[in-house]
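Asks: Residues per chain, in single letters:
Number of protein chains: 2
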Amino acid sequence: MSSQIRRLSSAQSDFKAQFRALLAYEEQRDPHVESAVADIIHAVRTKGDEALLEYTKRFDRVDVSDAAALEIPKDELKRAFDSLDDSLRASLETAAQRVRAFHERQVAESWEYTEADGTRLGQRVTPLDRAGLYVPGGKAAYPSSVLMNAVPAKVAGVQEVIMVVPTPSGVRNPIVLAAAWLAGVDRVFTVGGAQAVAALAYGTDTIPRVDKIVGPGNAYVAEAKRRVFGAVGIDMIAGPSEILIICDGKTDADWIAMDLFSQAEHDEMAQSILLCPDAAFLDQVQASIKRLMDTMPRATVIATSLKNRGALIQVKDLDEACALSNEIAPEHLELSVQDPDAWVGKLRHAGAIFMGPYSSESLGDYCAGPNHVLPTAGTARFSSPLGVYDFQKRSSLIFASRDGARVLGEVAAELAYGEGLPAHARSAEYRVGPKFRKNQE
Amino acid sequence: MSSQIRRLSSAQSDFKAQFRALLAYEEQRDPHVESAVADIIHAVRTKGDEALLEYTKRFDRVDVSDAAALEIPKDELKRAFDSLDDSLRASLETAAQRVRAFHERQVAESWEYTEADGTRLGQRVTPLDRAGLYVPGGKAAYPSSVLMNAVPAKVAGVQEVIMVVPTPSGVRNPIVLAAAWLAGVDRVFTVGGAQAVAALAYGTDTIPRVDKIVGPGNAYVAEAKRRVFGAVGIDMIAGPSEILIICDGKTDADWIAMDLFSQAEHDEMAQSILLCPDAAFLDQVQASIKRLMDTMPRATVIATSLKNRGALIQVKDLDEACALSNEIAPEHLELSVQDPDAWVGKLRHAGAIFMGPYSSESLGDYCAGPNHVLPTAGTARFSSPLGVYDFQKRSSLIFASRDGARVLGEVAAELAYGEGLPAHARSAEYRVGPKFRKNQE
Numbered sequence: 000m001s002s003q004i005r006r007l008s009s010a011q012s013d014f015k016a017q018f019r020a021l022l023a024y025e026e027q028r029d030p031h032v033e034s035a036v037a038d039i040i041h042a043v044r045t046k047g048d049e050a051l052l053e054y055t056k057r058f059d060r061v062d063v064s065d066a067a068a069l070e071i072p073k074d075e076l077k078r079a080f081d082s083l084d085d086s087l088r089a090s091l092e093t094a095a096q097r098v099r100a101f102h103e104r105q106v107a108e109s110w111e112y113t114e115a116d117g118t119r120l121g122q123r124v125t126p127l128d129r130a131g132l133y134v135p136g137g138k139a140a141y142p143s144s145v146l147m148n149a150v151p152a153k154v155a156g157v158q159e160v161i162m163v164v165p166t167p168s169g170v171r172n173p174i175v176l177a178a179a180w181l182a183g184v185d186r187v188f189t190v191g192g193a194q195a196v197a198a199l200a201y202g203t204d205t206i207p208r209v210d211k212i213v214g215p216g217n218a219y220v221a222e223a224k225r226r227v228f229g230a231v232g233i234d235m236i237a238g239p240s241e242i243l244i245i246c247d248g249k250t251d252a253d254w255i256a257m258d259l260f261s262q263a264e265h266d267e268m269a270q271s272i273l274l275c276p277d278a279a280f281l282d283q284v285q286a287s288i289k290r291l292m293d294t295m296p297r298a299t300v301i302a303t304s305l306k307n308r309g310a311l312i313q314v315k316d317l318d319e320a321c322a323l324s325n326e327i328a329p330e331h332l333e334l335s336v337q338d339p340d341a342w343v344g345k346l347r348h349a350g351a352i353f354m355g356p357y358s359s360e361s362l363g364d365y366c367a368g369p370n371h372v373l374p375t376a377g378t379a380r381f382s383s384p385l386g387v388y389d390f391q392k393r394s395s396l397i398f399a400s401r402d403g404a405r406v407l408g409e410v411a412a413e414l415a416y417g418e419g420l421p422a423h424a425r426s427a428e429y430r431v432g433p434k435f436r437k438n439q440e
Numbered sequence: 000m001s002s003q004i005r006r007l008s009s010a011q012s013d014f015k016a017q018f019r020a021l022l023a024y025e026e027q028r029d030p031h032v033e034s035a036v037a038d039i040i041h042a043v044r045t046k047g048d049e050a051l052l053e054y055t056k057r058f059d060r061v062d063v064s065d066a067a068a069l070e071i072p073k074d075e076l077k078r079a080f081d082s083l084d085d086s087l088r089a090s091l092e093t094a095a096q097r098v099r100a101f102h103e104r105q106v107a108e109s110w111e112y113t114e115a116d117g118t119r120l121g122q123r124v125t126p127l128d129r130a131g132l133y134v135p136g137g138k139a140a141y142p143s144s145v146l147m148n149a150v151p152a153k154v155a156g157v158q159e160v161i162m163v164v165p166t167p168s169g170v171r172n173p174i175v176l177a178a179a180w181l182a183g184v185d186r187v188f189t190v191g192g193a194q195a196v197a198a199l200a201y202g203t204d205t206i207p208r209v210d211k212i213v214g215p216g217n218a219y220v221a222e223a224k225r226r227v228f229g230a231v232g233i234d235m236i237a238g239p240s241e242i243l244i245i246c247d248g249k250t251d252a253d254w255i256a257m258d259l260f261s262q263a264e265h266d267e268m269a270q271s272i273l274l275c276p277d278a279a280f281l282d283q284v285q286a287s288i289k290r291l292m293d294t295m296p297r298a299t300v301i302a303t304s305l306k307n308r309g310a311l312i313q314v315k316d317l318d319e320a321c322a323l324s325n326e327i328a329p330e331h332l333e334l335s336v337q338d339p340d341a342w343v344g345k346l347r348h349a350g351a352i353f354m355g356p357y358s359s360e361s362l363g364d365y366c367a368g369p370n371h372v373l374p375t376a377g378t379a380r381f382s383s384p385l386g387v388y389d390f391q392k393r394s395s396l397i398f399a400s401r402d403g404a405r406v407l408g409e410v411a412a413e414l415a416y417g418e419g420l421p422a423h424a425r426s427a428e429y430r431v432g433p434k435f436r437k438n439q440e
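Residue numbers (numbering that gives the first Met the number 0), protein chains in the order written: chain A, 0 to 440; chain B, 0 to 440.
A couple of the hints might just be wrong.
DEER-style ranges, computed between Cβ atoms [said to hold, decoys possible]:
| no. | chain 1 | residue 1 | chain 2 | residue 2 | range |
| --- | --- | --- | --- | --- | --- |
| 1 | A | G419 | B | E25 | 25 to 33 Å |
| 2 | A | A68 | B | A20 | 47 to 55 Å |
| 3 | B | D85 | A | E26 | 47 to 55 Å |
| 4 | A | Q96 | B | T45 | 38 to 46 Å |
| 5 | A | G344 | B | R57 | 43 to 51 Å |
| 6 | B | G419 | A | N307 | 57 to 65 Å |
| 7 | A | E33 | B | D293 | 44 to 52 Å |
| 8 | B | Q337 | A | D116 | 15 to 23 Å |
| 9 | B | P30 | A | D277 | 51 to 59 Å |
| 10 | A | P173 | B | S109 | 35 to 43 Å |
| 11 | A | Y24 | B | Q27 | 31 to 39 Å |
Honestly, the hints are just simulated from the structure, not real lab data.
All C-beta atoms in this analysis are idealised placements derived from N, C-alpha and C, irrespective of residue type, glycine included.
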């Protein structure tokens, strides 16, 4: 297998252009997918369960006459969990417990304060009523993803978490079902694709309408989420997964090579980049890549990903590495250096930062505790890991006392007249009291 | 002027259908706008300032040859502020100070915890580097909107807030510029439309690229924000503004009528609904509407809005009013009752809740403190008022100690093998140490 990977140096005269070309990623939207998804959503909105059954038969080869048969009963989830191999079950439990412990710290609380005149202001934080969790079927069916999406929702206090998962030809993934049971998912339906997203967004007789849809999916699912957004909340639309490793050259080169592989094995578009000031270490990592490649079961995917989108980049120093990292705003950032605390403050944007040589990304993917759903493609500049905050919402509370309204009413009226909104002004003036009114009717 | 407004009662047999029809709102997207905006964005991305100047000349009739002339210097902002009428300036200052005080309570702090084996986990909260604020020109130029968008960004710690505001035929709104100065906006450019959004999203030689774009705009601006999302963060795409008033019949009917007007005067699509169990009070409000209508400068807009989208609805009791409100998830919710604290707990979804007869929505629009940018069209089911949290982002921090990595590595490897991701597993196993490794190369 090829172990080709781009080598760059920030000292090259054309480095900026090379670096930009390496990072260039623009999501391609397929007009065929867009129109197919529009049709599917329209059908599910207008024909409900009937359309859902038809698409499930057509796309998943699951033919049931009654939509109720699409639901997996809770005891089947429990049975799946109970039947797991002991060691796998224990690992899943450890992961769930750690993810829950971390996310419990994210719960936002309501607050309120009272001013001298009795006016009270506050922010009330409440969970969403109902969340939908999309879980892909087939190859990319990841139990860890069920935990990472469902646990924050339950920690937030969401009453009902509805999971949808396609079961092509009726094949169910018992580990996914076990994870659903462990995470506290309330109901599971064996539907997928754009039709499942439409059902969650608008509701059918069988599938309840949710307030937000989260979870990964293929191009049809992503397009469907984009289209139903507004009727329902959605999480981010993820791009290909990426890792950026900043290494001081002191970590075992095999470890770094394997960390690059672990990202590359996701798919051909995944991106793995290493920044290091030590050219000799980059050579070692390249040698490790060459030596380890053929031991990897997913070598074909890894080789393609490294060849097309990977890079080993020699930088001037770790300061420059941090500056380049801030330009990338990576999804996963390994700070594989001896003294990560000395450098972490220079990193302004990243989904998750893995500090020190022992913190491989894979620990975070499964069980460290923080979420593995992270902002991709530079969106860490403005967005955050999936968290409890994605399943809570805020309402402002305003209680103007009689005295408070006199003061606020005059200010509001002045500004409203300034903006040419006289009904706003008069509504405020009523609260000031007749003698304060500027305009009497 | 007509003072027609729909009367409904929850006791009617067809109430559910009537209620649903009243609320039905689906954003219409215009293919002409979509393609025009796509062209504008493409031009600004590829030709930068040149395209920006050309569009500004064509759409705003502002013809400058040097893009630098599009910037309004900071001292002009200060002069605008200093030249305000004393009373208006004082009102603007009070509003800014109150908005700032409220939003300071929204600042999220970083946190971290250490486990027994030395593993550290945390969440780092940092501000966005740079935010863009779109301010409409012409009629809808609202200084209050400048405060509501810019203050949270500055409270969050955003280093640079870039404001864009079109100045059709070169006319600048001094109150808007004064508000920008007061809110601490860093730079102001006189550009607007899709071209301004594109410039903020991708940067030009003159206008710096931002990380997130907030602020209201017309259909072109909304479509442009939708298209650049991903390259940059955006706030919500707002639908028409709405108010729902729940009244026990004890508030002055004129006050309630004027509160309905204050929403209706925004535009013909704005929605004003009153829920009250007291039919006689609904009659009084209807009489107030009739009497007050002709005194309103914006009576034409108000009458159209009330006729097409307004309603006075008799409910069985306040419990039913709360249940209906939860179905609507209103942007603005006035709980105009004698004892609002007894009822507020039953209201699950709303952008802002105005409690008691003195808390008119208009107080919140200008100066109570909470933000006036609120989720519309039922999106309060899953989203929140604009806030400091929209200008902060989180990064997860994971520092696995050597001992911690042994435990986590075994769990991660087990789960990774279960998901068919062997490079993930081996990357974790490296951190466990050779003797623990399941698969030796």
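Asks: All hints are to be evaluated individually against the structure, with a verdict given for each.
Replies: Each hint, compared with the structure:
no. : hint                        : verdict
1   : A:G419 / B:E25: 25 to 33 Å  : 29 Å, holds
2   : A:A68 / B:A20: 47 to 55 Å   : 34 Å, violated
3   : B:D85 / A:E26: 47 to 55 Å   : 53 Å, holds
4   : A:Q96 / B:T45: 38 to 46 Å   : 52 Å, violated
5   : A:G344 / B:R57: 43 to 51 Å  : 47 Å, holds
6   : B:G419 / A:N307: 57 to 65 Å : 22 Å, violated
7   : A:E33 / B:D293: 44 to 52 Å  : 50 Å, holds
8   : B:Q337 / A:D116: 15 to 23 Å : 19 Å, holds
9   : B:P30 / A:D277: 51 to 59 Å  : 55 Å, holds
10  : A:P173 / B:S109: 35 to 43 Å : 39 Å, holds
11  : A:Y24 / B:Q27: 31 to 39 Å   : 32 Å, holds
Violation of the numbered hints given earlier is confined to hints 2, 4, 6; the remaining hints are satisfied by the structure.
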